[in-house]
Amino acid sequence: MARYGMLINTKKCIGCYACRTACQRQNDLLPDESFIRFEEREVGKYPNVTVEHIPLQCMHCEDAPCASVCPTGAAHMGSDGIVEVDHGRCIGCLYCMAACPYQVRTRNSKTGEVDKCRFCTLSSYENGTKMCSCVDACLTGARIFGDLDDSDSEISKEIARTGAAPIAGDLTRAKIYYVR
Amino acid sequence: MIYEPIWGAIIAWYLFLAGLGGGAFATAVFVRYRHPDCKRLMRVGRLIAPIVVIIGLCLLMFDAAAGFAHPLRFALLLTNFGSVMTWGVVFLAVFVVVALIVLVLDLMKREVPMWLDCVGLVMGLCVAIYTGCLLGVCQGFPLWNSALLPILFLVSAVSTGMAAVLLVGVFYAPDEFNEVVVMKKFHFWLPVIEFVLVAALLFITAFNPSPAGWESVMSLVAGNWAVAFWLLFVIVGLVLPTILECWMLWLAKHEFETSRTGQMISALSDAGVLVGGFMLRLLIVSAAVPITIVQPWML
Amino acid sequence: MSGHALTRRSFLVGSAGVAAVAAGAGLVSLSVRGEADADAETDKRTEVVHSLCNSCSSKCGYYAYVVDGELTKLIGDEAHPNAQGKLCARGYGYSQIAYSPDRLTDPMKKNENGEFEVIGWDQALSEIGQKVNDIIAQYGPEALAMVQDPRPSGKYYTKRFMNALGSPNVYTHGAACNLSKESGFTQAIGAANFESDVANSKMTMFIGRSYADAIRPSSVAALQQAHENGAHIVLVDPRLNNSIAFADEWVPINPGTDLALILAMSNVLINRDLYDAEYVAANSVGFDEWASAIAGYTPEWAEGITGIPAADIERLALEFAEAAPAASIEPSWRGAFGCSYANSGETARALCLFNTLLGCWNQPGGALFLPSVKAGDLDPAKFPEVPKVEAKMWGAEEYPLALSSMGTNLYVAEMAKEGKVKGLFFYNSNMAAGYSNPAQLAEDFANLDLMVVVDVQMSETAMLADYVLPECSYLERRELPEFVGGRVPVVSLRDQVLEVIHPNTRPVDVIFTQLAEACGVGQYFPFTVDELADAQLRSVGTSLDELRQVGTISFPEKAYAYGKVPEWKTPTGKIQFTSEACEAAGLSACPVWVEPQVMPNETVGEFRLIGGKQAIHTHTQTANCEPLMDITKSYGLDRIWINAEVAERLGIADGDEVILSNTMAEGPIKVKVTERINPTAIYMPSHYGCKSPDQRTAYGVGLNFMDFVPFHMEPAYGSAMTQETLVSVQKVGE
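Read top to bottom, the protein sequences are chains A, B and C.
One point on numbering: in UniProt numbering, the residue at position 28 of the first sequence is 28, and numbering is uninterrupted.
One point on numbering: in UniProt numbering, the residue at position 274 of the second sequence is 274, and numbering is uninterrupted.
One point on numbering: in UniProt numbering, the residue at position 498 of the third sequence is 498, and numbering is uninterrupted.
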């Protein structure tokens, strides 16, 4: 058993949306269905100002609010720490979307079912790809995917080196770590 | 990202009708023990309760598009007892069954066992509280994520339930309508309590560490939803009923209060409560803005 | 020939964990992991095809995965120098244009009521042929012209078609893109472009160019590398663009005044004797004249114009001197001086001269001239030569500095108005929405006897046409090989990824071959695109079959090496601090300060309107693509940017709607209030305001930048001067 997570280095993020469209294409999503959303933060006053782009997607929380509120068990914690959606159980009540503090779940406008980042490289509901589409697509290598429990993994080393932390602290024991 | 509300008017209707149903049942129980002669008013409450809840549930199922397309999935609703919604389903299911049995017994002119009324009352109140808890557990929305919300929804549920019973009663059982003074006086205070609760909710939300709290409150009191909030919720839903009932219950002469004109004024007040009750759900569902997670809001 | 077959194999194994089996016709059939267990009915056939993106001019290489005929994944080509294994957001999103419900599917002709009617190809071709010959008979072939945005097959076939008819009038989109820049460079250094060695530099300055907003993956990688190497990266831009992630400094210059900055920095280098005098003496002409001409352009002088403190200008110049020769000003693309201002061409010239002062040409970390490979001569029996057209293209006399390889097509619109151009063809160009004053352009084009548009969707230009010819999308056609310059030059192929989706659409090569036949010049097109591609490739030692197998082939023997003194292809054979051609065109012999045509007067509420790309769109071409437009809609990217302090003064809050107006146009638009913009400017992204109702996704979103730009042309260079325009804003409801 592994405990998979991702590191996103916002210092390397140029806000180009390539991860979003790559994810949509490689995972065959609808044009209005995106697993990654972006927030932008300006710091400072003209002309001494900087901007930070922050991509957000399913944090695969250990305390996943989506899974606790899902009445049918469609949203659940799968193996290897990957939060999954069993579409065959989803009734589309959208309760998980309301419960997710990160607002990263999306409703498929054709089926009415809810979906979100699957950590597509390993999700048991997909065939799996060599690497998560967003990690592969990122032009600047801002994303690292790997096993948080393996202290030798690239992600573990990078978290140790950079002091990366989940975006909202201990809120849900999220497994996406941010360098900011 | 431009935030679009997750739920819309259909869910607001559902929350409103579920609360109203629970409140109407509670009203019937109140009538039974405080005004035992008012059999027709009692029946109104027992009639309204299951019907509106069933309508609400139909709306809910319609809104859940994936379940609507695959109805068998609704059978899975009882799998996660950690979910408020699952508990809601339990409360709603028990409540609808009890309310229907009570209704059938009433229509067959048979005595309703006290324990059954008690079960229905508890379930009805649970349904009302549940509608608030449903939103309340959502941590991302400061306007929802407050222990005040279930209480507010409970008060509003009882208020709208009684208002619905009284409104129908004015036309269906005008004599009994004049009899239930104690209930009316009880009902008078509910919008007042609601007002206090809403004010408290808005204050607490506005001071949430995330700007989303302030934004939600502003969109209600001075933004996109301001007209609906002040006119339809505060004036029509709270102030108007309070003034009218104050006039009828304490200022007006008994003859006027029980005259047809007086009854119509009370009916107007009850209609206002219903409008306000729906607006409350719609506004709370629609105006909630999620926290901006990238701001260091909680650290 | 490099061993890219190896690269290819490792790519396949590496990227999908698959066993690759070479199948016929160059396609590769794969058995994807997990499917070995699948039963026969669900066993899907996956093909991997190499192709080139078409969402911008970089034309990055990628591998398309096609499962049972449907496009699934796209993976950037490691061997393609622009892609380096990556694609940008457009690369993935724009691929969906193939499946767009708004595609053109049949040839159409405009009837007397101004409505389009579907007609057959035979009718379309014969009627166009008839009209072309009528125009030639009555007005001569010079009355015909072509506007095209260069693409591998398109640039070859459109030019050959025009020249076969005897017309020299083949124009690119340059006048609204990079015409001033490339023409200015040519006057100074005899080359239309160069490349800054950003990754290895100690200091690089970008003027109005953002690698992170107008993305070529290899450029982003170079910028990031530079940043990680500790290079000093300076962004000169009225907006804080997204490249700031890998830059150290934002210089928020007043738009239109970049020339003053360059002249003042040059002034510092010369005054303090910090320039490479030896290099200048050995390689240039006219230095002394320029040195005395710019003697008055001190940092203090420039401060008043650019809004940049004199001390910063001086500091930047000194830092450049310190970093030289591993330093340069990056050449930019469209950005600030491709086609924007009355001084754009001169800015380009000055930029080259500044880099010359640094002595950075072909130095590590400096400014490089990278090699490319061209197809050799072909068998004239099979590929007959088109007789050389002696006539000059329209505008060559009036705008003598404009590169003849681009031309100024705005002048063609003028000629249409004057009745001198009668027949106009457009390929892969939406001139009627992407160039200044679309309303006037529409009027000009109304004078034409014949207007033919070849496109994949109903563009604003197509709406004005007499005939619209539907092309199949870039995923449904094989094109001529694309030769790409770089450290190691390559040739790469846009192969056909998908079967043709709409049976009545045709690829560009077929359309122009058939048009040539219909016009009576079919004798110059006795070959298929495959035959031509193969012949071109054989002239450089490979073949179409080979290129189809590997996608990209490099020419390591032509690889770049540092240190070589370039051959300056100017009339003097030197870097020209003074240019006779510029003087003859009415400009100063050496570049001096030229005022922008207009300057905003803040006290009357005027702002300069500036444009610029967003990373998810290319001009107006991608706006109707759903995956990309959904980003625009989700994030309100059609909003204009207003400086926060200015907005506060005007009582405008973030997200408010305002009316943007000037003498040309007005319209409602929402505002992004931001600290990221110079207070004298308002930024409007240049992708929106689609007016073609048939483009249902893009229609009505935002405003069209060009509606606010008057029709005018930069003296001598002929560009559209797209940012020589002022606007004002008023909050809605006030």
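Quick caveat, the hints were computed from the structure, so don't treat them as lab data.
Some hints could be false.
[As the list claims (entries may be wrong)] For each label pair, taking beta carbons as the anchor points, the in silico distance ranges come out as: (1) A:Lys110 to C:Ser661: 37 to 43 angstroms; (2) C:Arg696 to B:Arg260: 57 to 63 angstroms; (3) C:Glu278 to A:Glu52: 33 to 39 angstroms; (4) B:Trp250 to C:Pro668: 31 to 37 angstroms.
Glycine residues also receive a C-beta, built at the ideal position from the N, C-alpha and C atoms.
Results for each hint:
| no. | hint | result |
| --- | --- | --- |
| 1 | A:Lys110 to C:Ser661: 37 to 43 angstroms | 41 angstroms, holds |
| 2 | C:Arg696 to B:Arg260: 57 to 63 angstroms | 58 angstroms, holds |
| 3 | C:Glu278 to A:Glu52: 33 to 39 angstroms | 45 angstroms, violated |
| 4 | B:Trp250 to C:Pro668: 31 to 37 angstroms | 53 angstroms, violated |
Of the numbered hints listed earlier, those contradicted by the structure are 3, 4.
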